[in-house]
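*Asks:* Turn these sequences into a full structure, and let the hints guide you.
Listed below, chain by chain, are the residues.
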Amino acid sequence: MPAADFRTQVEALRPYLLRYASLQLRNREAAEDAVQETLLAALASQASFEGRSNLRTWLTGILKHKCIDAVRKASRESPLPGEDADSAAADFDALFDERDHWREHPKPWEDPDGALQQKQFLQVLEACLAGLPARTAQVFMLREHAGLETGEICEQLSINANHCWVLLYRARMALRLCLEKNWFGK
Amino acid sequence: MNLSCKRATELLSEEQDRDLSFQEWTALQAHLVICRGCRAVSGQFKFLRQALQSLVEKEK
Chain A
1 MPAADFRTQV
11 EALRPYLLRY
21 ASLQLRNREA
31 AEDAVQETLL
41 AALASQASFE
51 GRSNLRTWLT
61 GILKHKCIDA
71 VRKASRESPL
81 PGEDADSAAA
91 DFDALFDERD
101 HWREHPKPWE
111 DPDGALQQKQ
121 FLQVLEACLA
131 GLPARTAQVF
141 MLREHAGLET
151 GEICEQLSIN
161 ANHCWVLLYR
171 ARMALRLCLE
181 KNWFGK
Chain B
1 MNLSCKRATE
11 LLSEEQDRDL
21 SFQEWTALQA
31 HLVICRGCRA
41 VSGQFKFLRQ
51 ALQSLVEKEK
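Protein chains in written order, with this note's numbering: chain A, 1 to 186; chain B, 1 to 60.
It is possible that part of the hints are untrue.
[To be verified] Here are a few chain A residues that face chain B, going by a calculated C-beta distance under 10 Å:
#	residue
1	F96
2	W102
3	V166
Derived by calculation from the structure, the hints in this document are not laboratory data.
Since we're looking at a predicted model, the values are computed, not measured.
Beta carbons are placed, not taken as given, at the ideal position from N, Cα and C, and that holds for glycine.
*Replies:* Have a look at this one:
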């Protein structure tokens, strides 16, 4: 492929990449940096793309690693203290009685598959994600959005596996409460 | 091993991220049989994974 065509095709995917990085990093500036680095890396290595079928998949693969780098760098430079332990756990503690059983049993959600077809639902989901504490959200998005294995996340962010599972648990518990409040419980 | 609902929800989450031990898995299954609240949460956690995938799909 001529280099000019390749550049055009890569550039056309910028909005998609930016959205991906924004969801992952929750910071417009950091997302733009990651996308920029991805595009530069892609243009510099056109040869390694030749022969692969899907440009977007290839670019997303590069971007994923740029996002991990960004999260790792951010967690080194400004560790996120405090948020972890107490505040988040307290929210869930209220759901359980002194024997750690439900005070009020959760009910199944109605028509979850139908919700996925609705644009508004995905907006609510994004708003719920934006409401998660920073570190919790980072780990959850690396797991569920970027699709990394827990072991890889732990290693990249230098946290132990147990801590990783705790953060993922908090993310899921917070998201189910948020979706219940803003969508399914309505 | 009798699980509390809180512990059961932790295992339901961890099940998505690691292989549970046989003991954990059997305890969880036994709990789910008798606890409709945790059964609901089980479905909701699985749905969350699906929902995040939808978000990825939507980006395409």
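*Asks:* Just pull the numbers of the violated hints for me, sorted ascending.
*Replies:* none
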